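Q: As a plain string of letters, each chain reads:
There are 2 protein chains.
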Amino acid sequence: MAEITPHTRLRPSPYYEATLAEGVTAFTPYNQMLIPMGYGDPEAEYRRLTEGVSMWDVGGERQIQLHGPDAAELAQILCPRDLSTAKQGQGKYVALCDHRGTIINDPIILKLDDDRFWLSIADSDVGMWARCVAAERGLKVEVTEPDVSPLAVQGPSAEDVVAKIFGDDIRDLRFFWFRDAEVDGIPLKVARSGWSKQGGFELYLMDGARGVDLWNIVKEAGQPWGIGPGYPTPSERIENGLLSWGGDTDQNTNPFEVRLGRFVDLNVPDDVIGIEALRQVAAQGPTRHQLGVVLDGDHPQPGHDRWHDITADGVSVGSMTNGTWSYKLERNIGFGLISAWCQVGDRVEVHKGDQVVGARLTDIPFQREDG
Amino acid sequence: MAEITPHTRLRPSPYYEATLAEGVTAFTPYNQMLIPMGYGDPEAEYRRLTEGVSMWDVGGERQIQLHGPDAAELAQILCPRDLSTAKQGQGKYVALCDHRGTIINDPIILKLDDDRFWLSIADSDVGMWARCVAAERGLKVEVTEPDVSPLAVQGPSAEDVVAKIFGDDIRDLRFFWFRDAEVDGIPLKVARSGWSKQGGFELYLMDGARGVDLWNIVKEAGQPWGIGPGYPTPSERIENGLLSWGGDTDQNTNPFEVRLGRFVDLNVPDDVIGIEALRQVAAQGPTRHQLGVVLDGDHPQPGHDRWHDITADGVSVGSMTNGTWSYKLERNIGFGLISAWCQVGDRVEVHKGDQVVGARLTDIPFQREDG
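In the order they appear, the protein sequences are chains Y and R.
If you're matching positions, the first sequence starts at 1 in the working numbering and goes up one per residue.
If you're matching positions, the second sequence starts at 1 in the working numbering and goes up one per residue.
Calculated directly from the structure, the hints in this document are not laboratory data.
Source: prediction; values computed, not measured.
Hints should not be assumed to be uniformly reliable.
[As the list claims (entries may be wrong)] Each pair of labels, with its calculated beta carbon distance range:
no., chain 1, residue 1, chain 2, residue 2, range
1, Y, Ala21, R, Ser316, 27 to 33 Å
2, Y, Gly40, R, Ser84, 55 to 61 Å
3, R, Pro69, Y, Gln284, 43 to 49 Å
Every residue gets a Cβ at the ideal spot worked out from N, C-alpha and C, and that includes glycine.
Using the sequences and the accompanying hints, generate a full structural model.
A: Here it is in structure tokens:
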């Protein structure tokens, strides 16, 4: 296996030294940063997330700040979702699209104030995109990447850990809402969010020099609940139907193909990027959709390093975009991005290099009885 | 050290299996792909590049194709360099800028035809950028990423190897020019280019399924000259003054700060992105410039994983953006991005964590007598 380390094109996260001390064994690049992807015992790390509490360095989830008199206008132009009712302190999940209606990121947009928004982004250069749109349309808004690096606390016991640090009031925070907080002089925002379905919070560290301090505070507070290091966990997120933008999408994927149609508001103003194309897709119906794939066999299969072709009765119908061993189903599962005429229950074949594996299509999220 | 492997957000290069077979030991991510950065013996790999011939998987240097009736117009809008005299078959190095005159990539633009250009890019999403500009300005041009993955052949013997494969005519190819070619049914373009100063070629593979075949053809042809695997080599490129966009630049770097002013034509049309800002910088002079840094001490110093502050007599003057052990100078050297009033010959201090190392400023490229 080949190595990777930070260098000057690839920034260390503020939590980097802490994750080294915890024994990180794998990284993935994310927005020119490294996100830990393993600490040596995948099953224990899955159990910790789904049965206890796990802490993740997701500093690579960068914030793109829109600030200025036209910030709200730019936010709406970028997002094919109605932001007019968004309240200060509220976040909303958005399928950010280009002019063709193709998803180019799926951020949470956080409304900090009437003239200040953060796009908490997946792995593509939304800052570059937003600056281009702002300049081309002559908007008065500054687009920057402030010093903000999330630390996720995820799992059934996450609320107890976060309440121990910040007080029981934090239990009232609603999903995707956030508030200002401070601990040991470290400025933060605390949001109820995170890329798992186990419940939890993201601590938006606002001083990169204090990353290791924050890590150690959370680690100490979580001891009674057996907290330990973790990361966005393929098994858990695929079992529960969370999308990986760039992993489950290609250069032509629109929101309706990947179960994000409910986040698109077709009645936003006409100057919203991509809305015209999205209205067309909505009217005609998408030609592909995303279904679950449960592969035959009940032992973990080798790694899944690229998209695999799917055929039905030998006819190409699409691809398995991600695959993983599911600890819950005890099956190899994945997402299929496939022709709209394929249905739940259909038998298909997954082509992994020279190997062909039988599979059946299911709904997403997966149910235990799919196993 | 932590591991990295391809996955569905991080595509394997067409040469990936070949590099595994060669024993690759380290990767760096580049445009959602992995570029090899080591095969276990850095000094041998440096010597091979500077004294013989080296072959590099640089499939991560993606091509962004502009195609259509307005392709030439879009190319010029994106590039603050006069493209009106560019000939079919010619490439030109460009400091691609945003509206603020900040460098957002430094591609080679290849003119394939009057209505077709490739931007052979560094590590940022120029495709997204170009699509945004094209759509916002209503241009008739399609922006795509075709199946093209360069394999670099670099070093004093590179021309002999490439001539052995494609014939002696290829020796006439001028710097940054390219031509169509084919070997064993593999479609290619051959360009005289590459991210070293040792001379060489880049083979633009146009069929991703044939990567390993092409690798093996080059490897076989290069045997008489002792060819072996390599990669963009920090020692060689820093000694010779090649810029790493994103490594030696920050979110506010303009071309005049990093020795790229000669690639900016101030008289391009006013609708060229960033030209207004660049004219201002040119008129006022940049506030920072890039100089060489030669650190005290004649033994290799530990890795350089982030920018290091530089002070002069205790006053902050900028940063060392990249550093490396130079086999030629037998010194630790790097690039400084520092206040314009700092001069060649000045003594400065480089702050590497808790350690302070004395250094002196030099011209770039470095000369052996700087050691």
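Q: Hint by hint, note whether the structure agrees.
A: Against the structure, the hints come out as follows:
Between Ala21(Y) and Ser316(R) the beta carbons are some 30 Å apart, a value that agrees with the proposed interval 27 to 33 Å. Distance hint check for Gly40(Y) and Ser84(R): the Cβ-Cβ separation is about 58 Å, which falls inside the suggested range of 55 to 61 Å. Between Pro69(R) and Gln284(Y) the beta carbons are some 28 Å apart, a value that contradicts the proposed interval 43 to 49 Å.
Hint compliance for this structure: hint 3 is the single one not met.
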